[in-house]
Amino acid sequence: MITKIKLTTPLSDQVVEKLRIGQKVLLNGVLYTGRDAAHKKMIELLDHGQPLPLELKGQIIYYVGPSPAKPGRVIGSAGPTTSGRMDAYVPRLLALGLKGMIGKGKRTPEVIKAMKQHKAVYFAAVGGAAALISKCIKEAEVVAYPELGPEAIYRLVVEDFPAIVVNDILGGDLYDEGTKIYESSIS
Amino acid sequence: MNTYLCFKEETAINTINAGTITETVAGLCKEANYYLGQDMIEAFQIAYDHELSLTGKEIIQQLLGNAEIAKSEKVPMCQDTGFAVVFVELGQDVHIEGGLLEDAINEGVRRGYTEGYLRKSIVGHPLERVNTGDNTPAVIHIKLVPGERIKIIVAPKGGGSENMSAIKMLKPAEGVEGVKKFILDTVRTAGPNPCPPIIVGVGIGGTMEKAALIAKEALLRPVGTPNPRPEIAILEREVLNDVNALGIGPQGLGGIYTALAVHVEIYPAHIACLPVAVNINCHASRHREAIL
Chain F
1 MITKIKLTTP
11 LSDQVVEKLR
21 IGQKVLLNGV
31 LYTGRDAAHK
41 KMIELLDHGQ
51 PLPLELKGQI
61 IYYVGPSPAK
71 PGRVIGSAGP
81 TTSGRMDAYV
91 PRLLALGLKG
101 MIGKGKRTPE
111 VIKAMKQHKA
121 VYFAAVGGAA
131 ALISKCIKEA
141 EVVAYPELGP
151 EAIYRLVVED
161 FPAIVVNDIL
171 GGDLYDEGTK
181 IYESSIS
Chain L
1 MNTYLCFKEE
11 TAINTINAGT
21 ITETVAGLCK
31 EANYYLGQDM
41 IEAFQIAYDH
51 ELSLTGKEII
61 QQLLGNAEIA
71 KSEKVPMCQD
81 TGFAVVFVEL
91 GQDVHIEGGL
101 LEDAINEGVR
111 RGYTEGYLRK
121 SIVGHPLERV
131 NTGDNTPAVI
141 HIKLVPGERI
151 KIIVAPKGGG
161 SENMSAIKML
171 KPAEGVEGVK
181 KFILDTVRTA
191 GPNPCPPIIV
201 GVGIGGTMEK
211 AALIAKEALL
221 RPVGTPNPRP
231 EIAILEREVL
241 NDVNALGIGP
251 QGLGGIYTAL
261 AVHVEIYPAH
271 IACLPVAVNI
281 NCHASRHREA
291 IL
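Chains as they are written, first to last, in our numbering: chain F, 1 to 187; chain L, 1 to 292.
For reference, chain L alone in the conformation it holds in the complex (with noise of 0.2 Å):
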């Protein structure tokens, strides 16, 4: 009789408290609020640079105003502070205790928005429409990575924007030309609402929440970060050519700064299908991220 020893590789196993993830979050949700990124400042100058309405020039001057008075004074640089849109990127190896992961972060929240004098803006029940008082819940999303850490992205997400986002079910044979043409439509119909100068998240591809969630996913990529698919990337620049040739411009008044950026994301697809999903971001592109 042969007798086997087995030996078990010891794995490194991160243990996170539930206390340290609330703490996290509700740091993160009013240093989005509060404290506009540098790439969008920067965007904003060259847009400032470039534009030719000179109305369109001072609008910038004034959300650039408006950034600064925000920081200085930790206040939030719009009213609308938004869904709390929490990415979390957890490591197979990490074990959290203390509490639910989902329970940790909504009390991040919870406490984020009352001690950061965030506005209250979640109703709990879409058809009732009665204020939660605490801006819970968040929406959450988890993917499992490798590893032993946590990295926390809080987005929040205003309901200006969000509104003027949309999704279309393609059939394939409308190809590229209608992915282009879509997104146009969406920015055109959208107009001044989302308050210009906007983002705009584009996801291509799998499934229709799918495609919603990477059109939302491109939306954390520092703002003109090319896709680094060539052909995306070309595709990035010619839909935001044609979304400035709109002339919309910045608050919709005339210019030729609709749009600061197109940022797409591409999923594999179904043989029937061509998803193609526009979440458009305003000019508060407000993300915050931290690892545990």
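Next up, chain F with everything else stripped away, as it sits in the complex (with noise of 0.2 Å):
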């Protein structure tokens, strides 16, 4: 039985310096979503000297662009998208104290870079479990771009999300390991 670690947001330094790639956690508390268009839009506002519409410090984004919810329920279904979409703009709000990204897929290493700099860290969740995941929404609300549809920025309320730790503060890859571990000679 492999023990799952719960972490509840905001996150210090102190929580995230000690995550390491392939630990398994369960997250609760805030967290907040945002694809390619908001992380657009807020790039765009940093560019001008404008305040965000969401505090980042200590605080996890979940890229997520969700279903619409059916009536009586929080939200709709919620997996994550390809975090590669969104490396471009990472850097600027890691710097801003973003201390975790929940997404699948890999990062690049300037991404990686970041995060270990300015200690962050990277959570995959499975990708299209995404009735299964939106079980542990409990709360949603809009707070910013509402225009953008599912592409909003949500300010969501979660209990025991699951999670692995992908990328760490000391810079190690999970996808990597993990794949070199069943790779076999091609015949």
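Note that these hints are calculated values from the structure, not bench results.
Please note: incorrect hints may appear among the correct ones.
Calculated Cβ distances over 12 Å to all of chain F for the following chain L residues [to be verified]:
(1) Glu-31
(2) Val-88
(3) Gly-91
(4) Tyr-117
(5) Val-130
(6) Glu-148
(7) Arg-149
(8) Met-169
(9) Gly-205
(10) Glu-217
(11) Leu-220
(12) Arg-221
(13) Thr-225
(14) Tyr-267
(15) Ala-272
Below, computed lysine-lysine pairings styled on BS3-like, alpha-carbon distance capped at 25 Å [stated by the list, open to error]:
(16) F:Lys-135 - L:Lys-120
(17) F:Lys-70 - L:Lys-74
(18) F:Lys-4 - F:Lys-24
(19) L:Lys-57 - F:Lys-24
(20) F:Lys-40 - L:Lys-120
With beta-carbon atoms standing in for the labels, derived distance ranges [what the hints assert, rightly or not]:
(21) L:Glu-174 - F:Glu-177: 25 to 35 Å
(22) L:Gly-99 - F:Lys-4: 49 to 59 Å
(23) F:Leu-46 - L:Ile-142: 40 to 50 Å
(24) F:Arg-73 - L:Val-176: 45 to 55 Å
(25) F:Asp-13 - L:Lys-151: 54 to 64 Å
(26) L:Asp-185 - F:Thr-108: 30 to 40 Å
(27) F:Ser-184 - L:Glu-177: 17 to 27 Å
(28) L:Thr-15 - F:His-48: 36 to 46 Å
(29) F:Arg-73 - L:Tyr-35: 13 to 23 Å
(30) F:Arg-73 - L:Val-145: 37 to 47 Å
(31) F:Val-74 - L:Val-176: 47 to 57 Å
(32) F:Gly-97 - L:Asn-17: 57 to 67 Å
(33) L:Asp-185 - F:Lys-180: 16 to 26 Å
For glycine and all other residues, C-beta sits at the position ideal for the given N, C-alpha and C.
Reconstruct the complex from the two isolated chains, following the hints.
Quick look at the structure:
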């Protein structure tokens, strides 16, 4: 039985420093959502010296565009989207104190370097387990860019959201490590 | 002077109302997103039994659980309910009344995605990127076939796996080894991004757009069904083995099930060309069909 580490946002440097690739976690508390369009808007605000629609320090951004909620439900299906599309925008947000990101897929060397520098961690959630993941989301409200529809920034409150540490502050990468174990010579 | 009497043979014409097409498409959009095919569930179960990675096994188990929740609660199995890709096999003896076929299909997509609480994921202009709000337009491929029925297949295609797809115009001299190398390079570069375990659709031959189209059509086959041509079935098996030897595994976290199947379709080619298209599908291999 593999122990899962329970984490609650906001995350401190002390907590982030101890996380290692391969550790399974259960996330609790507030997550903010954001995808390409929202990230682009935030960078544009930063470029113009304007404040962001949310306080990033200690927070986690979950890369997701949920499907619409059925009546009586908090949110629709809500699995991760491919993180790589946000890579261009991430180093500047990490510099502002963003401590965690949840998504799926590999990050660029620049992002991994920025995570080491600013002490942040990248978690993967299971892509396509969207109905299952939505069960962990207890509250959801749009806090910025409602015109973006599914790409708006939501403030979510989650309970025991399962994820796995893929990149830690030491620069490790679980995708590389995992693949190495199972790759065999091609006949 | 000779007089000839000509008799015209009566052919049965089946009249289908555009409204029926709309209703059918709306239903298929919802079903494709809620109900994972039995062929995929069985493929998952085999993968679960044989996957060597414990994390990989856990992931497959979660995906099976996810499919069960989607089915019983009628919610999409994935939040990316995709571009509505619709294949139509239109019998030559069908007459459609009450509207244009493409309009009827788009209205079906609009209704299905609204009534079904499916995500609206289409922007009207690829550069300006404003959401159309109703997941239209669909991408529609129509083929005329003999007969008086219409077969409609709705195959929602997610952006993640589509982004990892690729096409290359090889030189004929590169041959089957060149083809295999391109497929492998495409899957290796994709890594975790298309949500493995994947289905790999391959189109070899034709023109650039034909290769891409048959690669997508390849994804409609029940998972693991071999191509009827023996030499292509062998190619499918060899490529599947090579892909799984990459070790990418479920969600790219390592394992022996990177792909559940490789489906290859071929078409005649130009003497100077060897196009190869690789259309990757994630594990939510969604397609539902109806015949009117």
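Here is how each hint holds up against the structure:
Distance check for Glu-31 (chain L) against chain F: the nearest CB is about 15 Å away, which clears 12 Å, and the non-interface claim stands. Taking the minimum C-beta to C-beta distance to chain F, about 26 Å, the non-interface status of Val-88 (chain L) holds against the 12 Å cut. Consistency note on Gly-91 (chain L): stated as away from chain F, and its beta-carbon is indeed over 12 Å from all of that chain's, at 35 Å minimum. Against chain F, the non-interface label of Tyr-117 (chain L) is violated: not every CB pair exceeds 12 Å, the least being about 5 Å.
Against chain F, the non-interface label of Val-130 (chain L) is violated: not every CB pair exceeds 12 Å, the least being about 9 Å. Listed as a non-interface residue, Glu-148 (chain L) keeps its Cβ farther than 12 Å from every Cβ of chain F; the least gap is roughly 37 Å. Arg-149 (chain L), annotated as away from the interface, keeps every beta carbon of chain F farther than 12 Å; the closest lies near 32 Å. For Met-169 (chain L), the requirement that its beta carbon stay farther than 12 Å from each beta carbon of chain F is met, with the minimum near 24 Å.
With a cut of 12 Å on Cβ distances, Gly-205 (chain L) stays outside the contact zone with chain F, its closest approach being about 24 Å. With a least beta-carbon separation of about 23 Å from chain F, Glu-217 (chain L) lies farther than 12 Å from that chain, consistent with its non-interface assignment. For Leu-220 (chain L), the shortest C-beta to C-beta distance to chain F comes to about 19 Å, beyond the 12 Å cut-off, and the non-interface label holds. Taking the minimum C-beta to C-beta distance to chain F, about 20 Å, the non-interface status of Arg-221 (chain L) holds against the 12 Å cut.
No Cβ of chain F approaches the Cβ of Thr-225 (chain L) within 12 Å, the least distance being about 22 Å, so the stated non-interface status holds. With a minimum CB-CB distance of about 27 Å to chain F, Tyr-267 (chain L) clears the 12 Å threshold, and the non-interface call stands. Against the 12 Å criterion, Ala-272 (chain L) stays outside the reach of chain F, whose nearest CB is about 29 Å from its own CB. Restraint check for Lys-135 (chain F) and Lys-120 (chain L): satisfied, since their Cα atoms lie roughly 21 Å apart, inside the 25 Å limit.
For the hint linking Lys-70 (chain F) to Lys-74 (chain L), the alpha-carbon distance of about 10 Å falls within 25 Å, and the restraint holds. With a C-alpha separation of about 5 Å, the suggested pairing of Lys-4 (chain F) with Lys-24 (chain F) holds against the 25 Å cut-off. For the proposed pair Lys-57 (chain L) and Lys-24 (chain F), the alpha carbon gap of about 15 Å is at most 25 Å, so the pair holds. The straight-line distance between the Cα atoms of Lys-40 (chain F) and Lys-120 (chain L) is roughly 20 Å, inside the 25 Å bound, and the hint therefore holds.
With their beta carbons about 33 Å apart, Glu-174 (chain L) and Glu-177 (chain F) fall inside the hinted range of 25 to 35 Å. Judged by the Cβ atoms, the range 49 to 59 Å given for Gly-99 (chain L) and Lys-4 (chain F) holds: they are separated by roughly 54 Å. At about 47 Å, the beta-carbon gap between Leu-46 (chain F) and Ile-142 (chain L) stays in the expected band of 40 to 50 Å. The hinted window of 45 to 55 Å between Arg-73 (chain F) and Val-176 (chain L) holds, with their beta carbons roughly 50 Å apart.
Checked against the hint of 54 to 64 Å, the C-beta distance between Asp-13 (chain F) and Lys-151 (chain L) comes to roughly 59 Å, which is consistent with it. For the hinted restraint 30 to 40 Å between Asp-185 (chain L) and Thr-108 (chain F), the CB-CB distance of approximately 19 Å leaves it violated. A C-beta distance of roughly 19 Å is found between Ser-184 (chain F) and Glu-177 (chain L), which places it inside the suggested range of 17 to 27 Å. For the hinted restraint 36 to 46 Å between Thr-15 (chain L) and His-48 (chain F), the CB-CB distance of approximately 60 Å leaves it violated.
Hint check: Arg-73 (chain F) to Tyr-35 (chain L), Cβ distance near 19 Å, so the stated range 13 to 23 Å holds. Look at Arg-73 (chain F) against Val-145 (chain L): about 42 Å separates their beta carbons, and that is inside 37 to 47 Å. Taking the beta carbon of each, Val-74 (chain F) and Val-176 (chain L) are about 52 Å apart, inside 47 to 57 Å as hinted. The hint said 57 to 67 Å for the Cβ distance between Gly-97 (chain F) and Asn-17 (chain L), and at roughly 59 Å that hint holds.
At roughly 18 Å, the beta-carbon separation of Asp-185 (chain L) and Lys-180 (chain F) lies within the given 16 to 26 Å, and the hint holds.
In this structure, the earlier hints numbered 4, 5, 26, 28 are contradicted, and the remaining ones agree with it.
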